[in-house]
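K.L.:
Quick note: the sequence shown, position 801, residue 943 per this note's numbering, numbers continuous.
Each hint can be trusted.
The calculated SDA-like cross-link candidates involving lysine to any residue, where the alpha carbons are at most 25 angstroms apart (straight line), are:
#	residue 1	residue 2
1	263	247
2	263	251
3	277	309
4	740	906
5	263	309
6	740	551
7	263	297
8	740	754
9	740	912
10	740	903
11	263	331
12	277	264
13	263	250
I should point out that these hints are in silico values taken from the structure, not numbers from a laboratory.
Owing to the predicted nature of the structure, the values given are computational and were not obtained by experimental measurement.
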Amino acid sequence: MAAVPGPDERLRIDERVLGAGTGPRFVTLLLLMLTAGGAMILEVFQVLSHGDQAGCSLAAGVDPTDGSYWNASLSISGQTTAARFCLSLWAPAPPWWQIAGWPLVLMVAAGMLFAVLPMWKARQNRVVPLETVDKDGELRSLIGELCTVADVSPMPRFVVDPAATSVGAVVFGRTRRPVVCLHGGLLVVRRSDPERFRAVLLHELAHIANRDVTLTYLTVALWRVFLGLVLLPYLLCLGYVVYGVMAGGGVPRLGRPAVLAVVMVVLLYLARSDALRSREIYADLTAVRWGADPHGWSVTVPPPGSAVRRALDSFTELWRTHPQWGLRRGALADPAPLFRIAVLPIFLIGTVPALAVPQVLQQIAQYRVNFTNNLMTVLVIVPGALVTGVVVVALWRAVVYAVLTGTRVPSGAWAGAWLGAGMAAGLVLSGFGAGWAWLPQRPPVLLVPVAAGAAFGWWVTQCARLWASAARGRTLRPALASCVAAASLAMMSWLTWWMLAGATNLNRAGPSAEMIARGILQWLPSQAPTGDLSAIPGLAVLQPQLDSIAETPMGALAITVLWAVALFAWASGPAAGTPRWVPDRAAYPEAPAAPLRKVLRPGLLGGALACLAVAGVQIYVHTGQPVPAARGGLYAFRYVALLLSALCLPAAASAAAASTADRRYRLLGALIAAQTTALLGLAAMTLLVSVDGCIAPLNVLSDSCAWRPAWRRPLFPFDFVLNNALVLSALSALVIASAATLLSRRRRPEAPAPTPARGRRVRTAVALLCAVALAGTATQGAVGRYRLGFTTNQITSQRNLVQYWGLPEPHLSDAARLRQIRAWYRLSGNDLINLAVSYDSRLTAVLRAAQATKDPWGALNRTVLPVCTSWGRAAWFEMVWFRIPADPLLRADWHRMVTWADTGNRGCIRALEAHDNTVLLDALRNLRAAARCAETVNAGIDRALRAGGYPGTSRRPAAGRTAVCDHPPAGQP
143 MAAVPGPDER LRIDERVLGA GTGPRFVTLL LLMLTAGGAM ILEVFQVLSH
193 GDQAGCSLAA GVDPTDGSYW NASLSISGQT TAARFCLSLW APAPPWWQIA
243 GWPLVLMVAA GMLFAVLPMW KARQNRVVPL ETVDKDGELR SLIGELCTVA
293 DVSPMPRFVV DPAATSVGAV VFGRTRRPVV CLHGGLLVVR RSDPERFRAV
343 LLHELAHIAN RDVTLTYLTV ALWRVFLGLV LLPYLLCLGY VVYGVMAGGG
393 VPRLGRPAVL AVVMVVLLYL ARSDALRSRE IYADLTAVRW GADPHGWSVT
443 VPPPGSAVRR ALDSFTELWR THPQWGLRRG ALADPAPLFR IAVLPIFLIG
493 TVPALAVPQV LQQIAQYRVN FTNNLMTVLV IVPGALVTGV VVVALWRAVV
543 YAVLTGTRVP SGAWAGAWLG AGMAAGLVLS GFGAGWAWLP QRPPVLLVPV
593 AAGAAFGWWV TQCARLWASA ARGRTLRPAL ASCVAAASLA MMSWLTWWML
643 AGATNLNRAG PSAEMIARGI LQWLPSQAPT GDLSAIPGLA VLQPQLDSIA
693 ETPMGALAIT VLWAVALFAW ASGPAAGTPR WVPDRAAYPE APAAPLRKVL
743 RPGLLGGALA CLAVAGVQIY VHTGQPVPAA RGGLYAFRYV ALLLSALCLP
793 AAASAAAAST ADRRYRLLGA LIAAQTTALL GLAAMTLLVS VDGCIAPLNV
843 LSDSCAWRPA WRRPLFPFDF VLNNALVLSA LSALVIASAA TLLSRRRRPE
893 APAPTPARGR RVRTAVALLC AVALAGTATQ GAVGRYRLGF TTNQITSQRN
943 LVQYWGLPEP HLSDAARLRQ IRAWYRLSGN DLINLAVSYD SRLTAVLRAA
993 QATKDPWGAL NRTVLPVCTS WGRAAWFEMV WFRIPADPLL RADWHRMVTW
1043 ADTGNRGCIR ALEAHDNTVL LDALRNLRAA ARCAETVNAG IDRALRAGGY
1093 PGTSRRPAAG RTAVCDHPPA GQP
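Assemble the whole structure, with the sequences as input and the hints as a guide.
P.N.:
Written out as structure tokens, the structure reads:
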């Protein structure tokens, strides 16, 4: 074993102790380029198509002066069928192959440019072969020796650029077919400064050995293709729009799409520069490890100036593809910059999912894709996994470096908060959940991803620290892989919830308690309600959030994976002696974790308490058990709420006890204990609910004894309880661990007692516990995903949305009111009004013709029945087209027209089948009333248009009795 470094000497850390994460960063950059390119090109196609998407929004009732998200979203989503119909007529989507094929075009173009770049750089009028300047072969022999030292085989092709006077070199091409170009200035100093020459060559060979060449030039090719095929057409299109506005006498406004394009370009450039800078330092360290003289990096650097100058240098450094010489020299002595957590790259990577996913949604929404929970899960898989890979690797490297050098281990919360801040910034830039206003309706909602990111980073760093002491292999990569997998699942679950429900639900006032009560009665129906659900305090605030958690099926599995990975690491115990992955097998400076019993004992005791609490809830609810017909509604909901309390409160208590086990792992200890408690309580709950009716004092939902699995029992939302119990228990553990950390900061840390290695029985028991928990939550998540499906009934979803949230009634200015009415009439309302009136004219004509025949009923069946069927189509006018915006009176008349048409159509068909003259006359009166309502709407729109200075309606407005819309009789739909 190597000697232990002295107190003033740090252990030299090999930068290769963990991967740098360059691959995921490159793929993330590629993903951002493709999604941004697709969204920007879609904007170009839409401008070139001259569609009237704004007109459809106005016809739907969207207030053009209201930038909030919910009013516009509900106006469109609550009338999805009409919105799709309008867009298909007036703003049709580009052919699908244009949008789907554009990323392929970018990739092919980048591939072609990648193939051409080496040939362009090695063209004959710029470089010459090495043999041209190395007549005696001395230089080639020296280069061969260096290639042998670097273990680079076969030897790369070497060329010389005589016109380049710098003392440097560059490698280009591909990793398997590299070309090293030596600058003329480097050959000049070969004899006067051989160490400098050797260092430069070894640096370029290190790029080849580190596989940087292909990655670097693919990045360059992608960036240039993005500039030429995406940014340039977008800027030309933007200039065309601005010119059109100015030519019409208007003033162009810098909207979100233009700002987003600028931000995307800056973001891509910064991410590209950061990736290339880090590879330069890795190449420097590799060259020194091969024997390069560090003095080869000696360059005269001006002394640091004022604070303003230093800040300016730091800012300009962000845009450079090569790091400053001072940073490179410092990294040779101590590679700390490669292990340090840089918050800017973390912030930039956090914006990726918040920008990429909305842009993909914007593209596929043009093609009537159902926006479902499962679709969102699919969309966040790639960005979630990439972001997690980059962040987790960066945090692990920082933790391992700090542990091995004896410096302060970062908590990860600060870096995680910057990750969440990036997500919040992406939310602001994309407008997802905020509308076109620059700030959400409730700005504090932006703090939610910041808090979630801080918790994520805290968990990652504690998990890294725990696994570092428990890993027994020669490398930490398997432990790192398990952490990345668990964190990826958690990140994808979080993104699904946040982008599907969290960012929108938290950004507006919740629905009324009455609406929520109606929704609860749909899944907990009661034939004889025992109380008013809407009177429950806080129902309108809490229930939408609990519903959104329950509708994220993989949330329970994600929580389970997080504590299972930590528990397995804790159960593995510290490695005997120095872990084999430690460089040079130096003494491992980290003390082992506290005994596992200090974490599991509170969890098991809390589980026993939770079991008793669940049984107590059964007994208490049984005392107020109503008749079977009244066991839904308030009774079932109160039962569910009490069960959640019985599960979460003991979990919080066990988390508080376990958080004191080891101050370094407060979060992990609290999470393991809380989830163990919740898991045991859920097991007891599942058993008692499944045998409900068999034990009289515990009967709640049934009176007869039978095995009825809890997950299939009516009036018991098993998934709702399971998901919320696990998520709320995890949140309580997070809050308690945070509070304990803040309260104990001033206390001196206590050294944990030596921990013996865990026995095989302990590890087997822990593995069994984790397997049962993972199997249960995975099965529940898979079943939940299957139930949700990838398609939804559009009409049912639209109806439920309107019933739950209602449609907005914004306070409009006279100008906005006129624009909405005009858009509704101009785009399709005119045709529908004329169609309804034409049905009336046809009906009058065929009735007159039928009176002159000898077989009136036969003639009526041949002539009137088709007209009645046509009137039946008018009953769908409110579904296929928007309700009339801005004017409640006209909207009510239009609804009466639809009601009269539906009633008359049904009566007409029934009367013709039964030859019932009385019913037929009533039906004809109803259809005539529908026509009068259509005339009333036409007259009202005509008045509104003429009052606003526009020509009136194409149909002359009726007057007198013809333009009076009657109310349907009571009891009609």
